[in-house]
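Numbers given in my numbering equal positions in the sequence shown, counted from 1, plus 210.
Calculated directly from the structure, the hints in this document are not laboratory data.
Since we're looking at a predicted model, the values are computed, not measured.
Positions of the beta carbon are idealized from the N, C-alpha and C atoms, including for glycine.
Take the hints with a grain of salt, since some may be wrong.
[To be verified] The calculated SDA-like cross-link candidates involving lysine to any residue, where the alpha carbons are at most 20 angstroms apart (straight line), are: (1) K257 x L275; (2) K257 x G267; (3) K260 x L235; (4) K260 x I243; (5) K249 x K260; (6) K260 x P247; (7) K260 x S248; (8) K284 x G267; (9) K257 x L274; (10) K260 x S244; (11) K249 x R259; (12) K285 x L275; (13) K260 x V237; (14) K249 x E232; (15) K249 x T269; (16) K284 x T269; (17) K284 x L212; (18) K284 x L274; (19) K260 x V271.
[To be verified] Simulated restraints on C-beta separations: (20) T230 x K285: 28 to 36 angstroms; (21) T269 x A221: 47 to 55 angstroms; (22) L228 x K257: 30 to 38 angstroms.
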Amino acid sequence: MLMEWISDPTAWSALAALLTLEIVLGVDNVVFISILPSKLPVEEQDKARKIGLLAAGGTRVLLLLAVGWVISLKKKCFLLVRWALVEKI
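Please model the complete structure; the sequences and the hints are all you need to start from.
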(Lines of atoms letter the chains of each structure in order from A and count residues from 1; the text may use other names and numbers.)
(Lines give C-alpha, C1' and ligand atoms only; values in the text may rest on other atoms or scores of the structure.)
Protein backbone atom coordinates (compact mmCIF):
# COMPACT_ATOMS: atom_id res chain seq x y z
CA MET A 1 0.00 0.00 0.00
CA LEU A 2 2.84 2.37 0.78
CA MET A 3 4.54 1.72 -2.55
CA GLU A 4 1.45 1.75 -4.80
CA TRP A 5 2.59 4.89 -6.57
CA ILE A 6 5.42 2.95 -8.24
CA SER A 7 2.97 1.31 -10.63
CA ASP A 8 0.88 4.46 -11.17
CA PRO A 9 1.63 6.15 -14.52
CA THR A 10 0.10 9.41 -13.28
CA ALA A 11 2.66 9.61 -10.49
CA TRP A 12 5.51 8.99 -12.93
CA SER A 13 4.25 11.65 -15.35
CA ALA A 14 3.91 14.13 -12.48
CA LEU A 15 7.44 13.30 -11.33
CA ALA A 16 8.76 13.77 -14.87
CA ALA A 17 7.01 17.14 -15.14
CA LEU A 18 8.43 18.28 -11.79
CA LEU A 19 11.94 17.17 -12.72
CA THR A 20 11.72 18.98 -16.05
CA LEU A 21 10.56 22.18 -14.36
CA GLU A 22 13.28 21.89 -11.73
CA ILE A 23 15.98 21.48 -14.37
CA VAL A 24 14.71 24.36 -16.53
CA LEU A 25 14.35 26.70 -13.57
CA GLY A 26 17.75 25.66 -12.22
CA VAL A 27 19.44 26.49 -15.52
CA ASP A 28 17.53 29.77 -15.66
CA ASN A 29 18.75 30.66 -12.16
CA VAL A 30 22.36 29.89 -13.05
CA VAL A 31 22.22 31.97 -16.24
CA PHE A 32 20.55 34.90 -14.48
CA ILE A 33 22.90 34.79 -11.50
CA SER A 34 25.96 34.59 -13.75
CA ILE A 35 24.88 37.58 -15.90
CA LEU A 36 23.56 39.96 -13.26
CA PRO A 37 26.79 40.41 -11.22
CA SER A 38 28.64 41.59 -14.34
CA LYS A 39 27.25 45.07 -13.60
CA LEU A 40 29.10 45.13 -10.27
CA PRO A 41 32.76 46.01 -9.75
CA VAL A 42 35.08 43.07 -10.55
CA GLU A 43 36.08 42.48 -6.92
CA GLU A 44 32.42 42.06 -5.86
CA GLN A 45 31.23 39.84 -8.73
CA ASP A 46 32.36 36.51 -7.26
CA LYS A 47 30.79 37.30 -3.88
CA ALA A 48 27.51 38.31 -5.56
CA ARG A 49 27.41 35.05 -7.55
CA LYS A 50 27.97 32.96 -4.42
CA ILE A 51 25.30 34.84 -2.47
CA GLY A 52 22.87 34.54 -5.38
CA LEU A 53 23.38 30.80 -5.75
CA LEU A 54 23.06 30.24 -1.99
CA ALA A 55 19.89 32.34 -1.87
CA ALA A 56 18.40 30.46 -4.83
CA GLY A 57 19.20 27.08 -3.29
CA GLY A 58 17.96 28.14 0.14
CA THR A 59 14.71 29.46 -1.30
CA ARG A 60 14.15 26.18 -3.13
CA VAL A 61 14.68 24.17 0.04
CA LEU A 62 12.31 26.42 2.01
CA LEU A 63 9.63 26.12 -0.68
CA LEU A 64 9.97 22.33 -0.72
CA LEU A 65 9.61 22.27 3.08
CA ALA A 66 6.51 24.47 2.81
CA VAL A 67 4.99 22.15 0.20
CA GLY A 68 5.71 19.16 2.43
CA TRP A 69 4.04 20.91 5.35
CA VAL A 70 0.93 21.74 3.29
CA ILE A 71 0.72 18.14 2.08
CA SER A 72 0.82 16.90 5.69
CA LEU A 73 -2.18 19.00 6.75
CA LYS A 74 -5.38 17.09 7.58
CA LYS A 75 -8.28 19.45 8.45
CA LYS A 76 -9.89 21.77 5.86
CA CYS A 77 -9.35 25.47 6.58
CA PHE A 78 -11.19 26.90 3.60
CA LEU A 79 -12.32 25.86 0.15
CA LEU A 80 -11.17 27.82 -2.89
CA VAL A 81 -12.95 26.74 -6.06
CA ARG A 82 -12.41 22.98 -5.80
CA TRP A 83 -9.17 23.04 -3.83
CA ALA A 84 -9.24 22.93 -0.04
CA LEU A 85 -6.51 24.23 2.26
CA VAL A 86 -6.34 22.01 5.31
CA GLU A 87 -4.81 22.29 8.77
CA LYS A 88 -3.36 19.69 11.11
CA ILE A 89 -5.57 18.46 13.92
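These are the hints, each one checked on the structure:
1. For a cut-off of 20 angstroms, the pair hint linking K257 to L275 is broken: about 27 angstroms separates their Cα positions.
2. With a C-alpha separation of about 15 angstroms, the suggested pairing of K257 with G267 holds against the 20 angstroms cut-off.
3. Among the hinted pairs, K260 with L235 is consistent with the structure: their alpha-carbon atoms are about 18 angstroms apart, no more than 20 angstroms.
4. For the hint linking K260 to I243, the alpha-carbon distance of about 9 angstroms falls within 20 angstroms, and the restraint holds.
5. Using a Cα cut-off of 20 angstroms, the hinted pair K249 and K260 holds, with the two alpha carbons roughly 15 angstroms apart.
6. Between K260 and P247, the direct Cα distance comes to roughly 10 angstroms. Compliance with the 20 angstroms bound is thereby established for this hinted pair.
7. Distance check on the hinted pair: K260 and S248 sit about 13 angstroms apart at the alpha-carbon level, within 20 angstroms; holds.
8. Taken as a hint, the K284 and G267 pair is broken in the structure, with Cα atoms around 29 angstroms apart against an allowance of 20 angstroms.
9. Simply put, K257 and L274 have alpha-carbon atoms about 26 angstroms apart, too far for the 20 angstroms limit, and the pair is violated.
10. Note on K260 and S244: the hinted pairing holds, with a Cα-Cα distance of about 10 angstroms set against a maximum of 20 angstroms.
11. For a cut-off of 20 angstroms, the pair hint linking K249 to R259 stands: about 12 angstroms separates their Cα positions.
12. The hinted pair formed by K285 and L275 meets the criterion: a straight-line CA distance of about 19 angstroms does not exceed 20 angstroms.
13. The hinted pair formed by K260 and V237 meets the criterion: a straight-line CA distance of about 15 angstroms does not exceed 20 angstroms.
14. Restraint check: the Cα-Cα separation between K249 and E232 comes to about 27 angstroms, which exceeds 20 angstroms; the hinted pair is violated.
15. For the hint pairing K249 with T269, the CA-to-CA distance comes to about 23 angstroms; that exceeds 20 angstroms, so the pair is violated.
16. Distance restraint check for K284 and T269: the Cα-Cα separation of roughly 25 angstroms exceeds the 20 angstroms cut-off, and the hinted pair is therefore not satisfied.
17. With a CA separation close to 18 angstroms, the supplied pair K284 and L212 stays within the 20 angstroms bound.
18. Distance restraint check for K284 and L274: the Cα-Cα separation of roughly 18 angstroms lies within the 20 angstroms cut-off, and the hinted pair is therefore satisfied.
19. With a C-alpha separation of about 17 angstroms, the suggested pair K260 and V271 falls inside the 20 angstroms cut-off, and the hint holds.
20. At roughly 33 angstroms, the beta carbons of T230 and K285 sit within the given window of 28 to 36 angstroms.
21. T269 and A221 have their C-beta atoms about 26 angstroms apart, which leaves the hinted 47 to 55 angstroms range violated.
22. Range check, L228 to K257: Cβ separation about 32 angstroms, and the 30 to 38 angstroms hint holds.
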